[in-house]
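S.K.: Sequence:
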Amino acid sequence: MRPDSPAESSEKKAVIILGHGSRAADSGRPLEWVAGRLAGRLDCPVVPAFLQFNEPGLAQRCRELAADGVRHIYIAPYFLFDGNHMLRDIPEEIDELRADLPEVTFTLTAALGTDARLVSLVAERLGEAGLGPAEAGAGADVAGGVAPLGQHPIESESFDIIDRLVEPEDPADPRYEVARRVVHATGDPRLADALEFSAGAIDAARAAIGSGAAVFCDVNMVAAGIEPTAARAGLRVTCGIALEEVARLAAAAGITRGAAAFRQSHARDNAALDGAIVVIGNAPTALVELLRLAREEGARPALVVGVPVGFVGAAESKAELAASGLDYIALPGNRGGSNIAAAIFNALVRLA
Numbered sequence: 011m012r013p014d015s016p017a018e019s020s021e022k023k024a025v026i027i028l029g030h031g032s033r034a035a036d037s038g039r040p041l042e043w044v045a046g047r048l049a050g051r052l053d054c055p056v057v058p059a060f061l062q063f064n065e066p067g068l069a070q071r072c073r074e075l076a077a078d079g080v081r082h083i084y085i086a087p088y089f090l091f092d093g094n095h096m097l098r099d100i101p102e103e104i105d106e107l108r109a110d111l112p113e114v115t116f117t118l119t120a121a122l123g124t125d126a127r128l129v130s131l132v133a134e135r136l137g138e139a140g141l142g143p144a145e146a147g148a149g150a151d152v153a154g155g156v157a158p159l160g161q162h163p164i165e166s167e168s169f170d171i172i173d174r175l176v177e178p179e180d181p182a183d184p185r186y187e188v189a190r191r192v193v194h195a196t197g198d199p200r201l202a203d204a205l206e207f208s209a210g211a212i213d214a215a216r217a218a219i220g221s222g223a224a225v226f227c228d229v230n231m232v233a234a235g236i237e238p239t240a241a242r243a244g245l246r247v248t249c250g251i252a253l254e255e256v257a258r259l260a261a262a263a264g265i266t267r268g269a270a271a272f273r274q275s276h277a278r279d280n281a282a283l284d285g286a287i288v289v290i291g292n293a294p295t296a297l298v299e300l301l302r303l304a305r306e307e308g309a310r311p312a313l314v315v316g317v318p319v320g321f322v323g324a325a326e327s328k329a330e331l332a333a334s335g336l337d338y339i340a341l342p343g344n345r346g347g348s349n350i351a352a353a354i355f356n357a358l359v360r361l362a
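Counting from 11, one number per residue, gives the positions in the sequence shown under this note's numbering.
Careful: at least some of the hints might be erroneous.
Label-pair restraints from in silico Cβ distances [unchecked claim]:
#, residue 1, residue 2, range
1, A362, A126, 50 to 60 Å
2, E21, E255, 15 to 25 Å
3, P101, L128, 21 to 31 Å
4, V129, H30, 18 to 28 Å
Calculated lysine to any residue pairs in the SDA-like style (CA-CA distance at most 25 Å, straight line) [unchecked claim]:
#, residue 1, residue 2
5, K22, L111
6, K22, A35
7, K23, L131
8, K23, R108
9, K22, D36
10, K22, F63
11, K23, I104
12, K23, T248
13, K23, D110
14, K22, L90
15, K22, V44
16, K22, T266
17, K22, A109
18, K22, L41
19, K22, A202
20, K22, R345
21, K22, W43
22, K23, E65
23, K23, A133
24, K22, D110
Rather than coming from a laboratory, the hints here were simulated on the basis of the structure.
Glycine residues also receive a C-beta, built at the ideal position from the N, C-alpha and C atoms.
I would like the entire structure built from these sequences, with the hints used as guidance.
M.R.: This is the structure:
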């Protein structure tokens with residue numbers, strides 16, 4: 011469905027994630043989780059609503075947003091296919107809302123549909139249940155985006171090649187499992203020996219993951235790379251870089267958004283970072299601010315994955331991390347990046 015009219019860049023926007031609803035107790039919490047994760051990626055509020063059974067309903071939520079000054083509401087149904095709800099019920103309710111709230115523009119997005127990423131997710135769930143590639147058919151459509159069940163022969167061969175190139179002293183060392191995942195993500199065997207681990211890094215990671223620690227990251231690209239793994243481990247990922255309040259703080263304090271996101275998290279709750287896993291793959295300024303919070307304000311994350319990239323401040327921030335007394339995993343020098351940060355975190359979850 012097309013929007014009623016072109017949106018002005020200055021108008022206040024919001025997103026409603028619309029679920030079906032259920033009579034089961036606490037059935038609305040998964041949708042709240044989805045809305046919370048999306049809110050970290052979009053520069054506008056994201057809230058849940060339900061078609062039936064749960065509260066708030068779609069109309070109630072739209073009226074609340076309109077009363078708060080929102081003038082463009084994007085309605086994103088968390089539905090798989092275009093059944094009667096998508097084709098009839100939701101459009102009819104939106105038509106009624108247009109009449110009641112003429113000052114608001116409504117945009118209805120498509121259902122999730124037949125997306126190869128959903129097929130990959132189902133395949134992954136089947137793999138977790140013990141159905142391997144022999145049972146499912148090893149010839150999965152990798153090029154088409156459908157993930158095979160279990161470890162694909164190509165992936166297995168890749169790790170065999172990595173092992174031959176790196177020749178680890180102790181293949182069973184958990185630090186090597188982290189390193190080989192980084193090599194696999196980058197195609198660069200030299201990184202296996204370049205990674206640095208504090209003496210307690212692996213134990214700290216296992217303890218934090220086992221206790222359901224909060225996870226903070228510097229940019230949305232890192233969040234996107236770790237959220238599926240974190241969710242399966244029951245871990246909540248927070249990335250505040252796109253929040254309006256973070257942008258305001260950055261402008262007022264003359265700092266980057268990456269730094270402001272960590273400062274804002276600590277200001278809101280001075281224990282928020284304590285015991286957390288912090289994953290930084292892009293912004294040296296975010297790492298510098300985190301270390302300032304640890305040094306001056308007592309923040310004590312359980313583990314810092316510090317692999318920001320760049321020629322301005324990256325090497326210096328990682329050297330400061332190594333001297334901080336915090337448990338950490340880092341890639342010294344200018345190299346780093348979101349893919350390396352995500353590979354490290356995902357490997358740690360596998361090891362936990």
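S.K.: Run every hint past the structure and note whether it holds.
M.R.: Results of checking the hints against the structure:
no., hint, result
1, A362 to A126: 50 to 60 Å, "29 Å, violated"
2, E21 to E255: 15 to 25 Å, "19 Å, holds"
3, P101 to L128: 21 to 31 Å, "23 Å, holds"
4, V129 to H30: 18 to 28 Å, "22 Å, holds"
5, K22 to L111, "15 Å, holds"
6, K22 to A35, "33 Å, violated"
7, K23 to L131, "30 Å, violated"
8, K23 to R108, "16 Å, holds"
9, K22 to D36, "31 Å, violated"
10, K22 to F63, "29 Å, violated"
11, K23 to I104, "16 Å, holds"
12, K23 to T248, "21 Å, holds"
13, K23 to D110, "18 Å, holds"
14, K22 to L90, "28 Å, violated"
15, K22 to V44, "21 Å, holds"
16, K22 to T266, "24 Å, holds"
17, K22 to A109, "20 Å, holds"
18, K22 to L41, "23 Å, holds"
19, K22 to A202, "47 Å, violated"
20, K22 to R345, "39 Å, violated"
21, K22 to W43, "23 Å, holds"
22, K23 to E65, "21 Å, holds"
23, K23 to A133, "36 Å, violated"
24, K22 to D110, "18 Å, holds"
In summary, the structure is inconsistent with hints 1, 6, 7, 9, 10, 14, 19, 20, 23 from the numbered list given earlier, while agreeing with the others.
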